[in-house]
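Undergrad: Just so you know, the sequences run in chain order A and B. Residue numbers for the first sequence follow my numbering, so the first one is 16 and each next one is one higher. Residue numbers for the second sequence follow my numbering, so the first one is 326 and each next one is one higher.
Among the hints, a few may not be true.
Ranges between beta-carbon positions, derived for each pair [to be verified]: (1) B:589 / A:416: 25 to 33 Å; (2) A:54 / B:628: 28 to 36 Å; (3) B:507 / A:67: 30 to 38 Å; (4) A:64 / B:589: 33 to 41 Å.
Selected chain B positions facing chain A (in silico; Cβ < 8 Å) [claimed, not checked]: (5) 493; (6) 496; (7) 516; (8) 519; (9) 523; (10) 526.
No wet-lab data here; the hints were simulated from the structure. Don't be surprised by glycine CBs; every beta carbon is placed ideally from N, CA and C.
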Amino acid sequence: MIQRIYIFNLILISVIFFSCKRNGTSWDTRWAAPIAYGTLSIDDLVQDPIFATNPDSTLQLIYTTNIVDLDFDSLFKIPDTTITEKIALAISLDVPPGTSFINQIDEREFDIENAQIKELGIKSGGAEIKVLNPIETGVYLTITLPGVQKQGVDLEVTSFVQAGTSSNPTEFNLSVDFSGYIMDLRGADGNSWNTLISVFEVQSDPNGDTVYVTNLDSIQIDVAFKDLVPDYGRGYFGNRVLSSNDTIDLEFMKKFVDGSVLIDSVNLNLNIVNGVVVVASGVVNQLTSINSTTNTSINLNHSIIGQNININPASGSWNTVTPFIYPININSANSNIQPFLENLPDQLIMDYEFEINPLGNISGGNDYFYPLSEMGVELQLDMPTKFSVNHLKFIDTFDLEINQNPEATRITDGELILTADNFFPFALDVELIFLDEMGLPIDTLFSNGYLQAGIPDGNGKVNTPTNSQIIYLVDQNFMQVIENSKQIMIWADLNNSSHPMSYDLYNHYLIDFKLRSNIGLNIQF
Amino acid sequence: MKNLLFYIAFIFTGLIQAQMYHDFPIDSVYEDRILMIDFQTEDYYGTLNIQNSIIEKFAFGGYIDEDNKNRTSHKLTQNNRLGGETYTQLNFYDYKTKLFKKERLGYYLGIGYRNYVNGNIPQDLFNLAMYGNEPYLGENMNLNNTRAQNLAYWKLNIGLYDKKYKSGANISFLYGNRFFKGELLNGDFYANDEVVNLKANGQVSFSDGSKSGLGAFNGWGLSVDFNWNIPIKWFKSKAIIQIKGENIGFLSWNKNTTTYRVDSTYSFIGFNVNDLINGNSALNGNVDWMDSLNIQESKGRVMTWIPARITIAKVIDELSDRKLQSTFGVRMITTKDYFPQVFAGIYYRPVNWFAFCATVRYGGFDSFDGGLRLDFIAKDIFAVTLSTSSIYGTFSNKGYGRSVNLGIRGIIR
């Protein structure tokens with residue numbers, strides 16, 4: 016009887032325990048806490064250090080980038096070249112041990128198209144050497160390249176190759192690194208070009224036997240020059256034309272997705288840079304501003320477009336080489352640069368053509384390029400940050416990985432409260448878009464208004480920030496959204512209520528903000 | 326239906342607990358007995374200021390509405406003790422064996438289960454947990470002396486007893502089932518719109534969570550119980566004074582017991598977005614709160630004293646020829662949250678097969694309440710006793726505790 020009561024007790028414990036768990040205990044709470052804070056200056060917003068401060072504390076936008084960058088080695092390629100030599104005695108004879116029985120000098124020419132190179136510095140690359148020895152004794156093979164020097168010493172390689180037979184010659188392989196060597200390509204007479212001298216010397220093994228070598232026992236040597244990249248050259252570089260239609264991505268501009276901006280004034284330089292001691296000419300056929308979001312493009316109208324430009328050689332040598340710069344000033348008065356930039360381009364397309372030695376070998380074979388020689392087009396923007404924005408939309412995306420248990424954290428309702436002191440003379444609406452792992456939006460937190468703009472004084476300068484507050488309402492699905500989100504996209508709308516009146520940006524402008532929460536949580540267990 | 330289950334469970338199993346002022350009345354009959362089987366459950370809890378309406382929600386589920394929270398919150402102070410016990414015990418008393426050839430010396434074996442809960446919930450902690458921090462922005466929340474303890478263990482006991490007056494003592498092997506102990510010696514919580522400050526000095530230990538259920542073995546221990554029933558003269562009659570000590574011992578929880586210690590002050594003002602911009606994303610889930618709060622974790626054995634129960638009382642004499650008897654006494658349970666309890670009552674046995682006892686008491690985990698006990702006695706063969714020591718609380722959601730006890734005794738001659 017007692018046992019039955021006890022078992023009954025245990026069963027009842029289980030029944031009631033699990034029935035309680037099913038129902039759960041719950042109650043509602045309300046929690047307020049700071050979430051984030053920060054100070055955003057214009058440098059934080061743009062990230063790249065492109066602003067300088069003028070004496071009057073206004074900001075100056077100084078942005079420099081190479082929109083065309085030509086490596087000289089892309090103009091001037093040394094093709095992979097293999098030199099094959101078969102060296103043999105003139106007559107058949109016995110060769111005692113330790114006898115130098117072959118000493119052969121050869122000249123080989125590199126096939127460098129349309130150029131007559133006298134001297135070449137090698138940045139990288141080398142040669143693969145393969146030797147086949149049919150002689151029935153080991154040999155010491157010495158390969159010397161007179162005029163191929165590093166620190167004044169000729170390149171010389173000596174290797175021992177085991178004995179072989181006529182029917183089964185011994186193969187020996189060797190790699191030689193040419194990095195840092197300067198090659199004299201003037202040949203044995205000193206007046207040639209593209210020509211390399213080689214010396215092959217063969218000595219029988221001093222510890223071997225006397226062997227009979229016939230004039231048919233030729234040692235074969237293959238020297239394969241591979242991937243030679245020069246960083247110095249002297250000679251006549253030939254007449255070469257390089258034309259291209261390049262697309263230049265302006266990554267940070269991709270963050271501006273909508274709206275318009277009015278720029279007060281623009282000063283832009285396109286600098287054509289020639290760091291090679293060679294006469295050249297060039298022409299910019301087209302420069303186009305492309306906004307891939309709005310799918311609009313604007314061609315630059317300027318007198319330089321389509322006009323042939325003579326480009327002088329650089330001066331100096333080695334570390335003192337000074338490039339010749341041909342500046343093209345583009346401003347509001349001589350071009351349509353303002354609408355060109357107000358298009359908010361995230362891409363530029365540049366169609367151009369360069370010609371080296373357009374007049375032939377007028378330097379007498381004294382063209383030079385050095386390791387510091389560069390050739391290209393540099394864009395240099397130097398303009399005051401005076402502009403007006405009309406609902407300029409800006410987006411930026413950050414990774415988000417918060418592991419939450421939506422079942423444990425049950426939001427009933429709530430709000431995220433953003434409070435800010437804003438110096439910038441434009442209002443700011445910020446929305447938060449949560450993205451899944453595919454980058455697709457899951458949910459968006461909309462604000463109930465704008466962060467108010469700073470109010471400029473009579474001189475257009477904001478001295479005191481405007482404090483304002485916006486609220487984002489969150490619902491019970493918010494934690495599920497957070498759980499499923501892999502990225503958060505910040506979408507901002509910058510607007511100047513007195514557009515098109517433009518204002519300068521000052522170096523003290525920033526947004527000092529705090530984000531806090533006031534969330535209703537249903538506690539359950 | 327739920328309420329019905331609640332009361333059934335309360336009576337028979339002791340999910341929550343009651344306070345038993347005395348066992349079966351003491352008799353001095355033993356000569357013709359062979360075996361006595363004694364089964365008892367005590368299920369009670371008591372709280373100083375937290376009403377049953379909330380405790381019931383925690384025990385059996387349901388939504389705690391604002392009205393319910395408000396009723397309790399307004400009564401709370403910084404000292405709001407609470408506690409309870411599930412006591413289940415089955416003893417077999419051998420009357421036939423004469424130990425050491427002594428006529429009155431017998432032995433008994435028993436098995437039981439104990440589940441203690443006690444703690445203190447300061448008003449500010451209750452408010453913080455039940456309302457959140459939003460209503461208290463700008464206020465300092467004092468969390469000092471927050472504590473909670475739960476011990477659950479099986480008990481196998483063997484003891485000797487005096488067959489006439491049921492005095493005796495036993496030693497018990499304890500099979501540790503579940504353990505939790507947490508205490509915040511000093512704690513402060515402060516929040517406003519810009520900062521959350523938390524100051525904490527305390528520790529939490531708990532047994533291996535991977536082993537759960539009534540059979541989980543997480544430690545072992547030893548304890549002794551004694552029960553000394555002293556017959557005395559009482560006015561023109563006689564009475565029995567009982568001095569009783571139970572659960573005097575310890576439990577050693579095994580090496581998988583986890584302890585967290587914290588002694589730090591932490592301020593949170595939000596994540597710095599400038600870090601986010603600079604690539605040090607604060608939103609990447611890698612925030613180490615353990616480090617931030619300077620919480621140190623360790624694993625190892627933990628020894629605890631189990632709450633001992635000491636009772637000194639004038640108890641009921643079963644064989645008294647008086648229909649009306651008095652009972653009174655004092656009880657102490659050795660936890661911080663038990664206030665020494667005094668009780669007194671009258672026992673009336675109008676007929677041989679039925680008696681009842683009414684008591685009043687003060688102290689314990691709660692404070693003042695009354696008790697009622699009904700005894701049904703089938704000669705000297707079978708008896709059932711049903712009692713409560715919280716008569717108001719047991720039947721009212723406005724009370725501060727509940728208590729239901731059941732005793733069943735069978736005797737083989």
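Undergrad: Now tell me, hint by hint, if it's right for this structure.
TA: Quick rundown of the hints versus the structure:
1. At roughly 26 Å, the beta carbons of residue 589 (chain B) and residue 416 (chain A) sit within the given window of 25 to 33 Å.
2. For residue 54 (chain A) paired with residue 628 (chain B), a C-beta distance near 53 Å fails the hint of 28 to 36 Å.
3. A beta carbon spacing of about 59 Å between residue 507 (chain B) and residue 67 (chain A) contradicts the range 30 to 38 Å that was offered as a hint.
4. Between residue 64 (chain A) and residue 589 (chain B) the beta carbons are some 39 Å apart, a value that agrees with the proposed interval 33 to 41 Å.
5. The criterion of a C-beta within 8 Å of any C-beta in chain A is not met by residue 493 (chain B), whose closest approach is roughly 20 Å, and the hint is violated.
6. Taken as an interface hint, residue 496 (chain B) does not check out: its beta carbon lies about 23 Å from the nearest beta carbon of chain A, beyond 8 Å.
7. Among the interface hints, the one on residue 516 (chain B) holds; its C-beta lies about 6 Å from the nearest C-beta in chain A, closer than the 8 Å criterion.
8. With a least beta-carbon distance of about 6 Å to chain A, the hint placing residue 519 (chain B) at the interface is held under the 8 Å criterion.
9. Look at residue 523 (chain B): its Cβ only gets to about 11 Å from chain A, farther than 8 Å, so that hint breaks.
10. The beta carbon of residue 526 (chain B) is not positioned within 8 Å of any beta carbon in chain A (closest approach about 22 Å), and the interface hint is therefore violated.
The structure shown violates the earlier hints numbered 2, 3, 5, 6, 9, 10.
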